[in-house]
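Chains as they are written, first to last, in our numbering: chain A, 63 to 451; chain B, 47 to 378; chain C, 1411 to 1663.
Be aware that one or more of the hints could be misleading.
Here are the computed lysine-lysine pairs in the DSSO-like style, where the Cα-Cα straight-line distance is at most 27 Å [what the hints assert, rightly or not]: (1) C:Lys1534 to C:Lys1579; (2) B:Lys107 to B:Lys192; (3) B:Lys110 to B:Lys121; (4) A:Lys264 to C:Lys1604; (5) C:Lys1579 to A:Lys264; (6) C:Lys1604 to C:Lys1538; (7) B:Lys121 to B:Lys107; (8) C:Lys1538 to C:Lys1579; (9) C:Lys1517 to A:Lys264.
These are calculated hints, taken from the structure and not from any lab test.
The residues making up each chain are set out below.
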Amino acid sequence: MQTIITSSRTRDTIILALFALIVLTAPLWGQLIGAGYPDLLQKFAIFGLFAIGYNIMFGLTGYLSFGHAAFLGVGSYTAVWSFKLLSMNAIPAVLFAILLSGLFAAAIGFLSLRRTGIYFSILTLAFAQMSYNLAYSVLTPITNGETGLRVLRDDPRVIDTALGIQVGSSPLSDFFGLTLTGYPGFYFCAVMLILGFWFSLKIFRSPYGMKLLAIKSNQVRMEYTGFNTRPYLLSAFVISGMYAGLAGSLMAITDPLAGAERMQWTASGEVVLMTILGGLGTLFGPILGATTIKYFENIFSAFNEQVLHQAFDFLPQVLTDLMVAITSPFVGEGWHLTLGVLFMIIIIFIPGGLIEGIERFRRLFRRRHQPPGENPPGSRSHSSRGPAT
Amino acid sequence: MDAFLLQILNGLDKGGAYALIALGLTLVFGTLGVVNFAHGALFMLGAFVAVSVQNLLTISKKVKDESITFFDAYKETPYLEIWWGDTGTALIDYAVPISIVIAIPVMLLIGLAVERGLVRHFYKREHADQILVTFGLAIVLQEIIKANYGANPIPVGAPDIVAGSANIGALFGIEGLVYPWWRMIYLLFSAVIIAGVFAFLHLTTFGMVVRAGMHDRETVGLLGINIERRFTIVFGLATIVIGLAGVMYTPILPPDYHMGMDFLVLSFVVVVVGGMGSLPGAVAAGFLLGILQSFFSMNEVKSILPGIDQIIIYLIAVIILLVRPRGLMGKD
Amino acid sequence: MSDILDIHNVNKTFGGLRALSDIHLQIEEGTIHAIIGPNGAGKSTLLNCCIGRLVPDTGTVTFNGQSMIGLQPWDINHAGMVRVFQTPEIFPDLPLLQNVMIPALAKRDGTFCFNPLRSLAGEKTIYKEAMTALADVGLDQLCNQHAGSISRGDKRRLELAMGLIQHPKLLLLDEPTAGMSRHDTNRTIELLQKIKERGMTKVIIEHDMHVVFSLADQISVLAQGQIIETGTPEEIKNSAKVKEAYLGEADNA
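Next up, chain A with everything else stripped away, as it sits in the complex (with noise of 0.2 Å):
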């Protein structure tokens, strides 16, 4: 495992270069895989975002919010009041999105974050539903309820009138006249989802970010080591409130439309799943998670019987039918079966995620080819969850 400090600078460098090369070439190997449309390739880079973001505060401090949904739909709502009332173009949605999740991250940390462990939990779980809660209710003016708030033609969009822009009779967001659908889309995605996982990378090599881990270590002894945790606590909040924010805008740029089932607390269940699936306090853990998430759900929802009579075609005719008997309900509908299924053998067997998988087949492979008595560095010998790569 490589610790922090061990870590030199130009090793970031690359391990950037090449995070940037597989996003931005997506497109091809995600023709590969059969995910090579844009529209799941977004999916995969927003929610690798909210993620990302995700991690920062569960991974790395070891705080479990449920609150994390209603950011992701501040910053949906927010961006497309920026496109109803300002402009078409992406970036003041995307900016306003972050500050104003940012300010509501603060507001729901400030208060929650007096508390740990369960109660923390709790306290975030208890905001996201009344946020959900009021948004279906009186804060209908706001959020349009139930029909979701969308962009229409008549908005006021008053830079834009200035500037003279006109809109067609279902406006679509932009980047400076190049209009953010399809490809152009992904990649604007693909450059926040670098951006963020740039950050990401940052805050993992500084003390800043060995400081949250040592909050999730041992807060009592930080606290008698000279640090008032509270701060730290509340801006690694505030920031992976903002990455939701983020992701959330992202979601309003790629379809302009926001809807309250965006803030349940269920939809914060999903990116803690992504988390702890992909490798929870590592730093590709959380998008490796969120894109195999995004992956399989679109592959295991596309299946149906007939799907499934062909793949197992090659078998006599009866157990054919049995497999699909068998395999049936975990596609299609039940798609969210398998992911529950998933994600328990995931806790119960190897709670450090994929990353820690991987690691544990490579030390496998590995231990083979070397002489015995030799140990690889680095093997993690107790904590499932310290950090990696």
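Here the structure of chain A is known, so what remains is to put chains B and C in place on it, guided by the hints.
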């Protein structure tokens, strides 16, 4: 004044449900030290026991409808009705009470399976891990239900004899104050179950050990008492309580696969307001929150504080957690 | 020499139990002051009152001219009073090196410092300081090991390094050798003697008389929540009161 009284009554039966759900949750947390996010899903399973019993009782075949003479009409007639006539119809009518009897062994088995198979391995893990794995279990359970029963709410009726409302206003000399029979029954039922659980914990040796365990788990473990087996039984007991709460709730709210998640948040709110691990606290908070929720749903209140009915429960939870982190009756 | 820590008229009761009564104690700057006493005499309670974990019912704790009562733990730390815990309080999920870097950063960054863009790899000074501190306690070989995986004795030495790296004005050591083997105890004594020259004031709570008499300049004897005697090791050895309350009891045991 009538409206006010009615709201309190409405709140009472809701409070009964909250109290029952929170009772099981806090029992598991207090003794086993496990934060069970699958608790709501167990409530939902209880409700679906009632749905299954109703489905079983009404397995039907097509029978020629004799009342229609000018063409051949068929109607679905349950076997029970064909075999036993009116007795059969009565059995179907009493689907919910029958479900209670069936739910006890079914929920016990489910509870034992969950504890032995999953929860037991998480006693020593962090709360966050417990939350996550039981959350995963909740997803699995609700998806299994969805796959088998669909996504739409399924109505389950109360027996006809208690279908209507009681004119309890007549008792107090208040005009037009009516209260559905079933809600009254639910209230009584929850009172009986709560009393039963408390009697069990206070009057039996087993219960005393459990209470001692809630107070100081380590010491009880040191006494050489087989805590593990007792944990299993406590979990089974909590599952029965929540399952029965679910069965009885079906005539009030037609169950769907998602009701567990909705009630989960509520039940946690109730538990923290009462004080994590405090049984009397959970019961008191359940009724308190039920009544407050009803009260704040009154139009008079809503006109002053719009939207308050939507958030009041969470608002109270937040205030309690911030001001009195151990809840109303929690121990320090 | 002036007094760096002044404990004046401190009382503390738990329920009906009087844990500390009328404690008056002055710690002179630059000395090693040992507090000894039988189990349950109130040694740890006294330490907890100094460090802010407990608030005394009455009395004052003045450190370097500043009252410590009601201060947050981090403020007490930055005032220059650092405690080394009896049961190792470390960061089990972090490597040893980082365990020591964190208190060094606390010294530099203060109670809060938001620097997410700064690179940890660039913290050369802190890194060197931490390596030296680890070398002081003989743990530099293990610097990349997770702190949770090292032996209990090593954890206690790590804890000591975490305290020493902050160069506190006053270091409070709570039974630094409890549970250590004779060999480890001697190494710890050696280490504490070695750093004696650095002029750091230390208060040691100790059970092991060997440790106390080989290190302390001054000794206070605590029994049943009261200080019954304070003096040099020689004076304590010859004190009848102490023999009766403490050493006598040890003889009987």
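- request: List, from low to high, the hint numbers that the structure doesn't satisfy.
  value: 4 and 5
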